[in-house]
Amino acid sequence: MTDEEQLEGLLAMLRIRMFEDRVRTEFAKGGMPGFVHTYSGAEAIAVGVIGALEPADLITSTHRGHGHCLAKGAPLDGIVAELYGRETGLCKGRGGSMHIADFANGMLGANAIVGGGIALAVGGALASQVLGDGRVAVAFFGDGASNEGVFHESLNLASIWSLPVVFVCENNGWAESTPFSYASSVSSIAERGVAYSIPAVSVDGTDLTAVRAAASAAVARARQGNGPSLLECIAPRREGHFVGDPEEYRGREQADQARESDPIDRLAEQLVARGILSAEALNAMRKDWSGQLDRAYEFALAGPWPDPLDVERYVYS
Amino acid sequence: MSTPDEPRPRRRREPTYLDALTFALDAAMDEDPRVIVMGEDIAGGAGTGEPFEGQMGGTWGVTKGLFAKYGPTRVRDTPISEAAIVGSAVGAAMAGLRPVVDLMWASFAPYAFDQIVNQAAKARYMFGGQAQVPLVIRMSVGAGLRAGGQHSDSHYALFAAIPGLKVVAPATPNDAAGLLLSAIRSDDPVIFLEHMSLYRLKGALPDSTAGIPLGTAEVARMGSDLTIVTIGASRQIALLAATQLALEGIEAEVVDLRSLRPIDWDTILESVNRTGRLVLVEESPAGVTISDAIAAEVNERLFGRLKAPVRRVLAAASPVPFSPPLEDAWLPTAERVLVAARLVCDRLPAGRD
Numbered sequence: 001m002t003d004e005e006q007l008e009g010l011l012a013m014l015r016i017r018m019f020e021d022r023v024r025t026e027f028a029k030g031g032m033p034g035f036v037h038t039y040s041g042a043e044a045i046a047v048g049v050i051g052a053l054e055p056a057d058l059i060t061s062t063h064r065g066h067g068h069c070l071a072k073g074a075p076l077d078g079i080v081a082e083l084y085g086r087e088t089g090l091c092k093g094r095g096g097s098m099h100i101a102d103f104a105n106g107m108l109g110a111n112a113i114v115g116g117g118i119a120l121a122v123g124g125a126l127a128s129q130v131l132g133d134g135r136v137a138v139a140f141f142g143d144g145a146s147n148e149g150v151f152h153e154s155l156n157l158a159s160i161w162s163l164p165v166v167f168v169c170e171n172n173g174w175a176e177s178t179p180f181s182y183a184s185s186v187s188s189i190a191e192r193g194v195a196y197s198i199p200a201v202s203v204d205g206t207d208l209t210a211v212r213a214a215a216s217a218a219v220a221r222a223r224q225g226n227g228p229s230l231l232e233c234i235a236p237r238r239e240g241h242f243v244g245d246p247e248e249y250r251g252r253e254q255a256d257q258a259r260e261s262d263p264i265d266r267l268a269e270q271l272v273a274r275g276i277l278s279a280e281a282l283n284a285m286r287k288d289w290s291g292q293l294d295r296a297y298e299f300a301l302a303g304p305w306p307d308p309l310d311v312e313r314y315v316y317s
Numbered sequence: 318m319s320t321p322d323e324p325r326p327r328r329r330r331e332p333t334y335l336d337a338l339t340f341a342l343d344a345a346m347d348e349d350p351r352v353i354v355m356g357e358d359i360a361g362g363a364g365t366g367e368p369f370e371g372q373m374g375g376t377w378g379v380t381k382g383l384f385a386k387y388g389p390t391r392v393r394d395t396p397i398s399e400a401a402i403v404g405s406a407v408g409a410a411m412a413g414l415r416p417v418v419d420l421m422w423a424s425f426a427p428y429a430f431d432q433i434v435n436q437a438a439k440a441r442y443m444f445g446g447q448a449q450v451p452l453v454i455r456m457s458v459g460a461g462l463r464a465g466g467q468h469s470d471s472h473y474a475l476f477a478a479i480p481g482l483k484v485v486a487p488a489t490p491n492d493a494a495g496l497l498l499s500a501i502r503s504d505d506p507v508i509f510l511e512h513m514s515l516y517r518l519k520g521a522l523p524d525s526t527a528g529i530p531l532g533t534a535e536v537a538r539m540g541s542d543l544t545i546v547t548i549g550a551s552r553q554i555a556l557l558a559a560t561q562l563a564l565e566g567i568e569a570e571v572v573d574l575r576s577l578r579p580i581d582w583d584t585i586l587e588s589v590n591r592t593g594r595l596v597l598v599e600e601s602p603a604g605v606t607i608s609d610a611i612a613a614e615v616n617e618r619l620f621g622r623l624k625a626p627v628r629r630v631l632a633a634a635s636p637v638p639f640s641p642p643l644e645d646a647w648l649p650t651a652e653r654v655l656v657a658a659r660l661v662c663d664r665l666p667a668g669r670d
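Residue numbers (my numbering), protein chains in the order written: chain Y, 1 to 317; chain W, 318 to 670.
Just so you know, the hints here were simulated from the structure itself, not pulled from any lab data. Heads up, some of the hints might be wrong.
Below are the SDA-like pairs computed for lysine to any residue, each with C-alpha atoms no more than 25 Å apart in a straight line [claimed, not checked]:
#	chain 1	residue 1	chain 2	residue 2
1	W	386	Y	130
2	W	381	W	568
3	W	386	Y	131
4	W	381	W	397
5	W	386	Y	162
6	W	381	Y	282
7	W	386	W	430
According to the in silico footprint, chain Y covers these stretches of chain W (three or more CB under 8 Å from chain Y) [what the hints assert, rightly or not]:
#	segment
8	387-398
9	471-484
Don't be surprised by glycine CBs; every beta carbon is placed ideally from N, CA and C.
So here's chain Y without its partners, still in its complex pose:
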């Protein structure tokens, strides 16, 4: 990554973190309906992988999808309004946090079914192969999803058809309250690639440059018609499973440990040390984004609710 790309990457990660911090604050105040799951700590994965994509490429996401949305270029106003269930939201309030999508930017939906998006991405890659349009599809999913049958079926199918898809496992160590080490037969998800003849690597998911390098290689392989790759990105879950999770299943020590390796601090420190970024510039970035967030919340809260008479709208074309 060039210095400029690293700076851009830092900014993109910072935006996601500040977005999620704000979500936690606003959710606690009440008024934001439902459940939210934050992307905090995994920023380098969305930013690193999506940074390796072209705008027309496709991604499928998870219940923890805000980061993917932002990184893929979804409009901030539409995202926040969606979290509030407003007609002005990206999904006109029909989806919410767990089902947020931005098809105009190739974001084929967050998915509240664990593993639900994996086969969809395989389908995106199938469409690309049949239509010959060169698009690459990326499936984001967690370590928990890699124990779903559809994960295994999808890797096998993508492999035998040599589809242009990249499987990106965001291994945060926890499937809700169940540790990865307990629930998985392997010590690394990347070990599962060999069962499907898919090249697989495991990288530090808090290291933006490492994620980006691995993603670029996988995307290039897909784009050239050489088939799928599996990329495991390890990024410990900094926060609870959902906002408000009392985390009775892990000790404070474990939670603190998960916060030790912060993708944003880590890159910012490097860039400051190398004289590429100043503390002032970093603050200016924060301030600017904070203002944009303020305006997005104003936009969202001023937005109209969907008309109850429209409850059956959008079921069919």
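We have chain Y already, so just place chain W on it with the hints.
This is chain W only, laid out in the frame that chain Y set:
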């Protein structure tokens, strides 16, 4: 009168329901390069090359010939991976294709239930109209073939209960072709249920590839004394019963539902409004069925017009049994339709059906 000099006109084999499906798939693939077909064994012998590859054409031969004509990119044999087959078809539909999936038996659909229920059916709605899922999932349904519990389900009510899906169950070759063409052209996911007892049924194919609108029932027989609403193969037994009823002086109107979601309420209500009597015939286990929903709707909207309580002829409330006498007892039959019809027409003492 023909003379010995004239060649005898070669009698063409009358097309079957299976032929109708092939006709529609071929026409749809021919008119739109975005249409692909995928499923287990739909080509057959995948990867073996000439002369075997593509010869099988699926369990029932419906896709025979398509591999040779359209090639391996658009006619895709899959591994036995129902979740990935349907899931990838949903994703492909979102990304610009119009896939037609052959799931073989409806009994296999539960393997792909998340992909059908949570992904295909909900995408357009949850994403506020951004997503389009032009997908058809074909399945063989129906009991009577001595196939036992896991190869005989119809799951009519199960699929019809899911908003976002369109569900059709054609009962004639003409409808099989017309509805499949419309299903493939639909921008919504369509569950396409083919009763195996109809596969060899002969009948004319449509003159054109115009298709039959989804969501429309068909009056299969006109009558003024009672309405019999049928689903799929029940049309055949209802027509048999109607012939017998006519001998008894009862003229039954047989309405073939064809579309299980959405339901053509206008046609049903118009007919019942006229006849005042309703019998529903459906090969679904008694309990929670489409017929129940129709009975409830008729009760709410036409209570004052009914001359007799609505009666249902359903399958037994059990999985489909294997042993022939049990399976025969499980199925709705023309005899049971007759009894129900006589009951609502007050030609039998009430008490049993």
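Structure-based check of all given hints:
no., hint, result
1, W/386 to Y/130, "holds (16 Å)"
2, W/381 to W/568, "violated (42 Å)"
3, W/386 to Y/131, "holds (18 Å)"
4, W/381 to W/397, "holds (19 Å)"
5, W/386 to Y/162, "holds (23 Å)"
6, W/381 to Y/282, "violated (64 Å)"
7, W/386 to W/430, "violated (32 Å)"
8, 387-398, "holds (count 6)"
9, 471-484, "holds (count 3)"
Checked against the numbered hints given earlier, this structure breaks hints 2, 6, 7; the rest are met.
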